[in-house]
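Novice: Listed below, chain by chain, are the residues.
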Amino acid sequence: MSIQTRTPDELGQDYLEIRGLTVDFDGFKAVKGVDLTLLQGRLHFLIGPNGAGKTTVVDAVTGLVRGTGLASYRNQDLLTMRSHQIVRAGIGRTFQTATVFEELSVLQNLDIAGGVHRRAWGMVLARRGVPAYVEHALEAIGLTELRDKPAGTLAHGQKQWLEIGMLLVQDAKVMLLDEPVAGMSAEEREETGELLRRIGQERTIVVIEHDMDFVRNYADVVTVMHTGTVLAEGSVAEIQANPQVQEVYLGRQVEAAATTEVEEGDHA
Amino acid sequence: MNPRLTALVRGAAPLIAIAALAVLLLVVAPATLSSFRLNNLGKYICWAIAAVGIGLAWGRGGMLVMGQGVFFGLGGYAMAMHLKLEAAGPEGIPDFMTLYGNGTMPGFWEPFRSGAFTLVAILVLPAVAATILGWAIFKRRVKGAYFAILTQALAVVFATLLIATIQETGGFNGLNQFTSFFGYNLYDPVNKRMVYSIAAGLLIACLLVVWQLYRSRFGELLVATRDAEERVRFLGHDPANIKLVAFVVAAMMASVGGAMFAPIAGIISPSDVDATASIFLIAGVALGGRALLLGPALGALTVGYGRTTLSETFPTQWTYFLGLLFVVVILLLPRGVGDLPRTLRSALKRSTA
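Respectively, the protein sequence lines represent chains F and X.
Per our numbering, the first sequence runs over residues 4 to 271.
Per our numbering, the second sequence runs over residues 1039 to 1391.
FYI, nobody ran anything at the bench for these hints, they're computed from the structure.
Just to be clear, a hint being listed does not mean it is correct.
[Stated by the list, open to error] Simulated DEER-style distance windows between Cβ atoms:
#: 1; chain 1: F; residue 1: Arg-131; chain 2: X; residue 2: Lys-1387; range: 29 to 39 Å
#: 2; chain 1: X; residue 1: Leu-1199; chain 2: F; residue 2: Thr-40; range: 55 to 65 Å
#: 3; chain 1: F; residue 1: Glu-138; chain 2: X; residue 2: Ser-1152; range: 46 to 56 Å
#: 4; chain 1: F; residue 1: Asn-220; chain 2: X; residue 2: Leu-1046; range: 15 to 25 Å
#: 5; chain 1: F; residue 1: Pro-134; chain 2: X; residue 2: Lys-1387; range: 30 to 40 Å
#: 6; chain 1: F; residue 1: Gly-36; chain 2: X; residue 2: Glu-1268; range: 22 to 32 Å
Using N, Cα and C, we set each Cβ at its ideal position, and we do this for glycine too.
Model the full structure from these sequences, guided by the hints.
Specialist: As structure tokens, this is what we get:
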């Protein structure tokens, strides 16, 4: 894969632009006219209460559900493409529950993710040695020691890292991560956060997350969604200061803790 | 033992096993079996060739192909048509056409006078049929029980069609009474042995093909597709294409098996290619171990042998025995008899732990 011309991500100018994204499930609009601009080099967090439409946005952008509007990446409209074509365009994603190939080893899992870059005829050959990009990914996710273990025997957190490693091998320029630290210990969260910072320099990373501590520690930009719309966008501090956000999202947590204030007034 | 040597032995073990089977089928069996028994073994080998393909599609690809009889039949009838025309001689037409019809031969028979055309057709017909069929099925994401029922229904349709077209395909009687095989008199025991050896050689060749496929990146991707199809989609592959390749290869192997079955059995009829015949193929694969390299072939050979032996002793009840065996294996050893060592080992580990 020798690339002659400088690509947008090498220049630090890669981005994914979403305009007026709407997803309609038989009359129920899960996402209503969402605008998002996701820039390279910034850890972009998508937060919001359950049912806000965060995962649906990611599903629409990756071709899992049909959406209308525009999701443009390098002059291609992702909403008109099929899932595997979107992946080939450089968009990778993970799911809420880590799905790795349990019967294959860590190495095979990573190797399989590199298949996109291979010619069809190379597929009938057996793997010889470990490609450099697989080696790099193994190092980045810190699973070099476990490379020959079946992926099914990994701990939950390690499976999540393996999934991120697969995105690295696949050379995803845009990574859409759905709750990557769910169920992780505090140390694992920290390691994941550092990993995302490291690999996020030359990539566009979007993280859907519920864990507010994790968001506070690592987010460069936060977008708050509520009932299918974008409620607010900004730095962590700006978001926390936003009264609307406090009401629909952060407010509820405060409320749950304090149980004094009764929520009233209009729902935004 | 040093680890590199262990790895080498582990890598070569499948090849050693295939070589052992080759010696058994190509050297030991012809030297020890009577020509009648050898001919029977030849039939089982034809089923085993089809079973190897089923192992690829079902064991590794997760597609329960319940209608492989159709592809077995495509190859079998293509070969039988050629042999029939060979028996009829140049310009001659098959005997049954004058018996049941008005003595004219349908146009689609004509090209099968050529041996070369027939050999190409045996590989290309099932490949084209499986590609069209597979494309329609996999692109629509039909899978699981729906896929199994669909393929099973195809076998029923295929057999019904054959029975209904007595003037064109010999109907219920099928095609039989072949006298020679590409110029070699089939009544000569030496030539029969040659036909047997070709079938055994083709089985070994098919085993080598799947051995390479299983160790290739395609093999890994196929298993990945079986276990988590959606995840494969998000690796940038269209799972439909991966499954299509396995399905087409399986169809071609079934066709090759059928093509060798016609001269060895001396007949190919709707009952060799219908839904029941398809299920017998599946039963062998399940018995031997569908995801293993040699499991499907050995399972099919065993079921074939059991079929003959049991039907000699219990002419009417033998299918019950086979059915019972199938149920027992599915319940107790869902991965097949070939997986018994592994099951025992893990059970032992559990009891000592």
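Novice: Now tell me, hint by hint, if it's right for this structure.
Specialist: Quick rundown of the hints versus the structure:
Remark: the range hint 29 to 39 Å for Arg-131/F to Lys-1387/X is upheld by a beta-carbon distance near 32 Å. The supplied range of 55 to 65 Å is met by Leu-1199/X and Thr-40/F, whose beta-carbon atoms lie about 60 Å from each other. Between Glu-138/F and Ser-1152/X the C-beta distance comes to about 54 Å, which sits within the given range of 46 to 56 Å. Distance hint check for Asn-220/F and Leu-1046/X: the Cβ-Cβ separation is about 49 Å, which falls outside the suggested range of 15 to 25 Å.
Distance hint for Pro-134/F and Lys-1387/X: a CB-CB separation of about 34 Å, consistent with the stated range 30 to 40 Å. For the hinted restraint 22 to 32 Å between Gly-36/F and Glu-1268/X, the CB-CB distance of approximately 28 Å keeps it satisfied.
In this structure, only the earlier hint numbered 4 is contradicted, and the remaining ones agree with it.
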